[in-house]
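When you get a sec, could you build the whole thing from the sequences and use the hints?
Number of protein chains: 2
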Amino acid sequence: MGDSSDSRPEKSAGGSRDNPRATGAVRLSDVAAAAGVAAMTVSRALNQPELVSERTRERVQRAVIETGYVPNRVAGALASSRSRMVAVLVPTVAHSLFADVVQSMTDTLACEGYQVLLGLTGYQREQEEAVVETVLSRRPDALVVAGTRHSSATRQRLEAARIPVVEIWDMSDDPLDMLIGFSHHAVGAAVAEHLLGCGYQRFGQVMADDPRSHQRAEGFNARIKAEQATRPQAGIKVTTHWADIPASLAGGRSGGAALLARMPDCEAIVCGSDTLAMGVIAEAQSRAMAIPDALAVMGFGDMGFAAATWPALSTVRIDGAGIGRLTADHLLKRFETRHHEPLHDVLDIGFEIVARQTTRAHRS
Amino acid sequence: MGDSSDSRPEKSAGGSRDNPRATGAVRLSDVAAAAGVAAMTVSRALNQPELVSERTRERVQRAVIETGYVPNRVAGALASSRSRMVAVLVPTVAHSLFADVVQSMTDTLACEGYQVLLGLTGYQREQEEAVVETVLSRRPDALVVAGTRHSSATRQRLEAARIPVVEIWDMSDDPLDMLIGFSHHAVGAAVAEHLLGCGYQRFGQVMADDPRSHQRAEGFNARIKAEQATRPQAGIKVTTHWADIPASLAGGRSGGAALLARMPDCEAIVCGSDTLAMGVIAEAQSRAMAIPDALAVMGFGDMGFAAATWPALSTVRIDGAGIGRLTADHLLKRFETRHHEPLHDVLDIGFEIVARQTTRAHRS
DNA sequence: AAGCGCAATGATAGCGCTAACATCAACAGG
DNA sequence: CCTGTTGATGTTAGCGCTATCATTGCGCTT
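Residue numbers (UniProt numbering), protein chains in the order written: chain A, 1 to 364; chain X, 1 to 364.
Derived from the structure by calculation, the hints contain no laboratory data.
No false leads were slipped in.
Computed footprint of chain A on chain X; a stretch qualifies when at least three of its residues, placed anywhere within it, have a C-beta under 8 Å from a C-beta of chain A:
| # | segment |
| --- | --- |
| 1 | 77-89 |
| 2 | 242-255 |
| 3 | 271-283 |
From the three backbone atoms N, C-alpha and C, an ideal C-beta is built for every residue, glycine too.
As structure tokens, then:
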């Protein structure tokens, strides 16, 4: 029956704004009136164009432009229970590795019309708990969180939310749902293995005081302990300095100084991040210690600058952008298939030791 | 009542779960039933507790915990036309300066229950246009965007949205609404002034190829041109190299190499960012050029690492975190007063030249 | 007793959209 | 002719909240 429902005398684009609760913005029904179709048809023309005839689709498109319509996805989300938002919880974005993840995830999701709701957990559990709650109140279609160690309250909330959850940047045997990351313990062990292979024996560590750095340090120490057991006479030893978080170049520099004070005969310093490593190098350079001859330095992260410093930094490469892309792709696939049951699936993307000029050559 | 073990999802939970469109989550009305009050009272107890008697407030709080209620702010936003979200549009977060802004803004807003909807514009106008549209469809309460140069379509949409808009990280005489930033042209001029004051005459520039770097380069060149006019015999000259974006240490290094090839007698290189500067320094060190004696280097941004490198980087300090905090505070104040008219207000937060060790001392 | 102000609470009616079903025209086969 | 099928469109009834106004109870004045 077409247009009998709308009162004809209304003045064109202005519409019936007599209701005090209306926002005054152009609505779907305004576009529908302009195109001479029902609101539902406009909704379909925009969201499932294949269900609408070409003629109508064009009429609607013209009406959208004419009225300057911007869809209200808040209302859409309420009606359809799909918000097309993905919550991303990371400790900080002021750290290149997490920034890479957020960047690539945002880019990938944007292509499919999804958007990122950013939450910063600041390396603290209680902050994570609060952020999880506020973020879930927006009813995101999925949640991505860095790390696998959550308070039980957080775990409960995440399970109750019944949305896909991806833990990233870590490994665990017992993921909440999907897990995309790498083993920090294995990184530490591999670094130890590599440096032992280079012939170093007296090690320092300058690590940030966060859970994942602790895991890497543990992995490192475990491998070293094994070597000490095998070759007790070799004089292998380790001293560790914990730097404040967030890790900074200045923290690396003072950490390096502190470490060298405690262990003057240190041959190689393993750092919790490339940034800390740069700080250690700066400290060494200010003491005119030759690198890597007087002191070897190993970073973590292979951040953009690592390859281009002088001397070029030996480090561990993590593909942060890859994690972001994989995570986004995985989520998009699940949205498509509407598969909302937890998977308990683990994807280890691994890491790579990149030997450059701040460590001496490996005796292969 | 204990907790519900996860193996058995919602079964009864007193309510009309027979409706196929209900999400199955705990609703306000479920809490109301548990507390023995009306839904509206629960809403008030949570959002305007001062309007509710202490006795009722406590009953509601207990019911919230008992039921595990997580508010649905999508519905809340639709009903109240207040989403408590702020859209933040920056070119990238994989750049420490913008990451700082995003970080501090997110932190400050989170305290008041506001959340950040992140949009990445990738330095490209058409991408900005698309991002603005999708972001506005979420009906954020305000929008923050880096830069002042927008396409006319973008400007129109932003004006039509009738929400506070803050442009940051730049200066303009004609802001859309609020503007918090600094003059890139003035930065360039001040750097030129400073380096001339140090006695340098043959300048190189390694700049990223983005609009704001262009403005700084222009400011620099303008000041140099004035000096050339004043002292035509002095042999003052400038060569500029444009590096690809996003700026990287590697880009700085190759840019430095390219510049030195074109201008072997260059005395001082001004860089578009600290990252580029680090690259130039790395290139100089690989050529055993002493810094600052054989070559002076000036950065931009005073990123965390600038003070701690060896030699410590002379640079221009921008208070990114300050911009983020100021912006957030400003918005929170406007939300409080519900002042939604554009202000056309400009706040210049300035900058500071930080002379460290990569430039020689200023002849004061 | 009636009236008034005030604080606390409840009932109602949407916000702008979409899921689900209803309708309708056009056409095929029996 | 009827019936069934298909594709395009329309109608209805919410999604889960909150703005708004109505109602209630209580202490106080007149």
